[in-house]
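The task is to assemble the complex, starting from two chains supplied on their own in separate frames and drawing on the hints.
If you read the protein sequences in the order shown, they are chains V and F. Sequential numbering of the first sequence, starting at 1, is according to my numbering. Sequential numbering of the second sequence, starting at 1, is according to my numbering.
Just so you know, the hints here were simulated from the structure itself, not pulled from any lab data. No residue lacks a Cβ here, since even glycine has one placed at the ideal position from N, Cα and C. There's no promise every hint is true.
[Stated by the list, open to error] One side only, chain F facing chain V, incomplete, derived with CB under 10 Å:
#1 66
#2 162
#3 174
#4 177
#5 182
#6 228
#7 232
#8 235
#9 236
#10 238
#11 356
#12 357
#13 430
#14 434
#15 436
[What the hints assert, rightly or not] In silico DSS-like pairs for lysine-lysine, Cα to Cα no more than 27 Å straight-line:
#16 F:191 with V:12
#17 V:12 with F:262
#18 F:119 with F:201
#19 V:228 with V:313
#20 F:379 with V:182
#21 F:181 with V:12
#22 V:385 with V:228
#23 F:262 with F:447
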Amino acid sequence: MAGIVGLLAFDKVWNISRFLYYSMIGLQHRGYASSGVVMLNQEMRSVTRDVSPEDLEFQLEGWAGIGYTGSRRGYPIHNDEVAIVVDGVLREPENFLKTFARDRERALEEAKGAFSLIAMTRDGEIVGYRDETGVRPLSLGGFGFDMGIIASEPVAMSVIGGDFRREVMPGEMVTISSLNVKSTQIKEPRKAYCSIEYVYQARIDSVVNESNVYETRVRIGEQLAEEKPIEADTVIGVPDTALPFAVGYSRKLGLQLDLGFTRTGSPIRTMLASDSFLKIVGVQLKLNPIKSAVFGKRVVLIDDSMVTGTTLKNTIMSLRRLGAKEVHVLIGSPKLISACPYGIEVPEDKELIAANLSEEEIAKVLGADSIHWLSLEGLSRAISKSTLCTGCMTKRYPKVI
Amino acid sequence: MKVLLVGDGAREHAMAEALASSPQGYRVYALSSYVNPGIREAVNRTGGEYTQGNINSREEVAKAIKRFNPDFGVVGPEDPLFHGVADEFRKNGIPVVGPNMAGAEIERSKVWMRQLMWKYRIDGRLRFRSFTSLEEASRFIVEYGGSVAVKPAEQVGGKGVKVVADIQAYLSNEKRRALSKSVDEIGSLVKNEVKIIIEEKVDGPEYTLHVLTDGHTFLPLPLAQDYKHAYQDGIGPETGGMGSVSGPGRLLPFINEEEYEKTLKIVQDTARAIGQETGESYRGFISGQMMLTELWGPTVIEFYSRMGDPETSAIIPRITSDFGYLLQLTAEERLTQAKLEVRMEPSVVRAVAPLGYPLRRDMATGKEISLDVKAMREKGCLVYFGSISYEGGKLVTKGSRALELVALGDFEESSRKLDGCIKMISANTELVYRTDIGRTLGEQVEKAEIVRYSYQNRIRRNSLGVSADWAPNGGLW
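If we strip away everything but chain F, and leave its shape as in the complex, we get (with noise of 0.2 Å):
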């Protein structure tokens, strides 16, 4: 059987891997917008081919189509989806895993899916303001008291989010003035009429859980949490993700059971409702970013159309079963066959980038990388490849995260083995990556308890989810 791979980063690697090792003997296609190592790697093994060009493009996805005749595709990133391409594979009557545009708009649009979640009253929804005017978003948030974040109406790569949390009343006026300057900027990235979207802060751990749909079934992978600041020990500006863990088992020491299950329900919840607004069932992966807040337990950040990178690479290394023949089933709307083994040990994931990112990308860009991934795997460690092109026969960085490693065990042990592992990379330039992550569970497991405390007692007070703000000039919010 042939399958299509549409994308080019680490989260594509990872599946491209699944689909070339699994039993059922696909042969990968692939097409990506720079020769990502890895996939041209898994691509050859099973004697595939491998082409580039737009991954944006219908007409390009259309033309691969038409070349490699698959028998079902896979669309990994965002973007493709929001330009149409599952759209382009069902119109052609091949299956794929990814939903239409107009599902995909649940992560495009954070408006239409604030809109959506308050309609259908589902649980873990936030308080919103939209605004078409920099200025008024501007006054906004110099009005109101109040913690808030602002986010750019639409996904834009997650670039862009600011947060205020305003507790030091004596600090407020910097934070807010630093803030509505941001908003410009912000909205800069924005090309629709709705450019800003804030919302109440709200705080606490974060956890990804990845669901897929054939439209009929819902299958839940086990959760992950991936780790936003650049830098070491948490620090830095906001990123696509420095690295991620999952497990044990289908949870994180930080969530229980009860809030796991509440939590699928408000994906399964929001993926029924786009079905009713959008008039067609929601196919693909549907992920809550979630965040255990003490107004709901549960609550939704965003919504993801596809996989979380880097929660894949902490996902996928840990199923047991047949990762490639679930997303045959899931394109097929089989996947009441389904069957899903996950390894009770933990996974840790560490992405490394060039010095640059996220501030300077030129200066993470055109960057040597070399390593010996055969070693590294002996070392106990996987490799994805992510933001790096295979050159000549050099790996030159693109200017994002270049690579993703992985490694199982429980959580400390594997932060071990990536130590280890990360000194067998050699760069022309300076790497950046986080060995915290996975080392700071207990601080989760603590912050989870101190707003479980909070919603819980707003369970018994039956006033979860109640909130409001007040501003003299604006009124209620």
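Excised from the complex, chain V in its bound form (with noise of 0.2 Å):
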């Protein structure tokens, strides 16, 4: 999982390094075990480190960048000719370079992997693609009379006071340099969008596939309502992703809404922390449960997503220790139970309790009065698409890499 952002300035006047530093903060949801950047002036100059962009230090000047937040270290990789940071999984990269830098449409359709890349050439070109199935997410904006941006997601450009324009196509190319902005279709588009972009990636301020991303999360929890309507006194969900199922569950039953949790030092990811000793800390850390809040009540929590379930029967653990009656488990996204071979950190089969274990046992093992996970149906509903990729949910996937 990654954030990838390229920034061009069409005036040399501008230093975009603050730019491009907060628009990767910005996009640091999607991961940010390691940051980097590369920057053009005269020349290219990098800077890569295992921290997140927040920490990120870098004292380089120039008026374009490209810049990178997620799980795989040493983005962004570069050349003397071009350098590019991925979204996604890209085989052979540094062939890839190679390739791009003579014959770019050429190393695009030869291009094995599913991906958004975003590449800065030593002329003085952003190149922003987003491959034929779409399955990684990528789109354009400006900022003002000054810049244009590439970036994972609009909020890239919100935070820096940009304004997000359109959507790369899957398949599309786009070209930026100061003289120009140009699209380039390399590759009829399969669209295969990710579920997972919808349920808990993506920021909730964003538009991704072709789809307003709070919108979709609300609707989600309203359509968990149609199918597990829960007699309960109060709804609650799992900060910050499952908040909008809340908000669509208890507004479909009329049920009352309330904060359970509030959080303890910064917003770490659980699903991706790397170690489970932190998976563990990280959530009770994180999630601190409000008495008040569950205290004699029937509750319905709402996450999601389940991997192994160490976090959510935490969580049921300690709402039961406050008083809760009941609770009652919804999760926000079908079961997960295979990998995803497309850059989406799903842990393999073997990890993923849903891929062994029968709902019963299941309910069993975090101790819940029961527990429903959203239909595959009932998410093509509540996304109103067709065209997605739901490989981790159903093991069929939509492009062989």
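Listed below in structure tokens is the structure:
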């Protein structure tokens, strides 16, 4: 998982380094174990470290640059001619760089993987490409009369005061230079938008995959209410991603909505933490439950997904300790049963509780009164798209890479 | 009857075409700085004459008047007006469309324009500060929070406007640093003592209302909107306009009747104020380059003392009554007799420029373009020639927007026609144009709706136009 961004100022009076820095912070919800930039002035210079973009210090100056924040090390990669950042999976990136420097259309046609990428050339072009599945998002925007921007999500533009214009289409290459903005269709689109983007990956102030993320998540909550109405006293969403689900669920059933948790420390994404100990400590540190929100109540607890179940088990236990009478669990996505070959960090089958146990067994492990996952049909109804990648939920993958 | 047209761009081509096809049977004479292929054609078709010279020189215009002895004149661009070309016509007793130098000040001097609006308390005015010292201007920008627009104090071909939206405090320094660097560049464009004007920054969808006046009667034309960003999808540096839309009817999809009427009143009030201030009535086009803002609703960004380009190309083809005759009636101060009929269906204009426009004009100059105007017309596109000259049978670019293509029909239909026609143009360079114009009206409608909530709320609170900024060292502004 990664957030990628490319920025180019049309006039060289601009030093865009702070703009790049803040737009990367805007994307760090997509992954932040490693981050890096390449800036272009006379030449390309790079900084890459295993820290989140907030902690990435770089003193580079330039009028164009690209940035990466994500779970993979070593991005951006570059040679003398070109630098790239990738969200998703691109095979043999070094070879790709070489071919790209010579003939970019051919390089993109031949590239193996499923990805969005942003490249910067030494002669001052920013190139964005989204593969024909569109499995990873990419969008296009500007900052006044001064800059063009390509980024994973529109939030990278809005945090610096820029304007989102449109999404890059699957199979489309967009080129920004100081002299023109061009669009070339490299491949016919074969849309397979990533379901996980809608469910928890993208930010709720974003527009991705032709949908408004906040609206979509509220609809998922409403869909859960259709599928599994529960007689309860309060609805609680696990912060931050599951909050809109809880809003939709409570709205649909006229149930009270409560804020069940407050946060300690910085918003570390539990699912992104590599170490399993950190996952447990992470979630307890992160989510401190609020007693008066649950005491003596029948609680509906909504989360976005379930991987090992560890996080949820702990959460449920702490709610019971604070006096929740019942805890019913709803999950805003269908069961995750298979790994993602396209760069979303879904673990292998053996680590996925839903791939190994029955619902009854899972409820037992978690200590929940009941448990329900959003149905696959419910997911496509809430997203109102039929061109989805649901590989991690169905083991049916749209593209062999 | 003979008409002498001064100017050389796509706007003047559209005017020449309207005059040439008028049932009044005008003979079109023209003075341009280069041979515009479209004006040339209109002149030849009507048996007029075409001469080249400096369109900003009163002497050369006087010479052309003597030579052609026209019955009336039309001055297209602003620069000749700033140099007194309309005065020259009137001095020779020739009625003309276009204000005298004194009136054209409304466009030439941004400071005079704002002062006038404040003096006469005309709606849609913005707070401003003017600066003779570039240093002071830079200091002001760095000192004040809030968003500002920095402009050259005079009209210099639409160049040099910089806007800073200062909502992201954490980027404030970056934006201000870049802006104060630009101040020197902006200042260098201006010859007069007052170099820079800084205005409060407003936001919202833009539109233009063109009004014809003979000093007594006002005749408003249908609204148009131009698109300033150079490149596809509204990205890129500022230009004179890469295209425009007009309609349906006399409105645009995002401006309502009430806003149209308010805008017209602003333009009329301004024309009258100019009359009082200069002691002579304003005659010609006066065009409000407007923005619908949360502060005022209709708000003045600037005034044109002529028609906008590329707005002209969107407007003239939609007028079904005799536009050429309208020009004559304006010049002769008989506008009460005018009648204006406008097609309901909208139009879309797409400008085509050689690669290099607007940042590297050297690259955009001297390139060859070829096209078949007749075949394009059969596909539903009108072609107006802009910054391109006819040289020994070839069409050679002059560094700016070379062509403007117009299609009529609903916005999507027009855009599709233009997609087809653009492909029929060939050139020995890459061409820059925008296919998104005419396809983003939905976004404009939403933008307008957002500012409408706020300005209507201001009307209820009786706080229309009320705003201020404060800085610890500078105080209240």
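Status of each hint after checking the structure:
no.	hint	in the structure
1	66	violated (44 Å)
2	162	holds (8 Å)
3	174	holds (5 Å)
4	177	holds (8 Å)
5	182	holds (6 Å)
6	228	holds (8 Å)
7	232	holds (4 Å)
8	235	holds (4 Å)
9	236	holds (6 Å)
10	238	holds (4 Å)
11	356	holds (6 Å)
12	357	holds (9 Å)
13	430	holds (7 Å)
14	434	holds (9 Å)
15	436	holds (8 Å)
16	F:191 with V:12	holds (25 Å)
17	V:12 with F:262	violated (41 Å)
18	F:119 with F:201	holds (21 Å)
19	V:228 with V:313	holds (20 Å)
20	F:379 with V:182	holds (25 Å)
21	F:181 with V:12	holds (11 Å)
22	V:385 with V:228	holds (22 Å)
23	F:262 with F:447	holds (19 Å)
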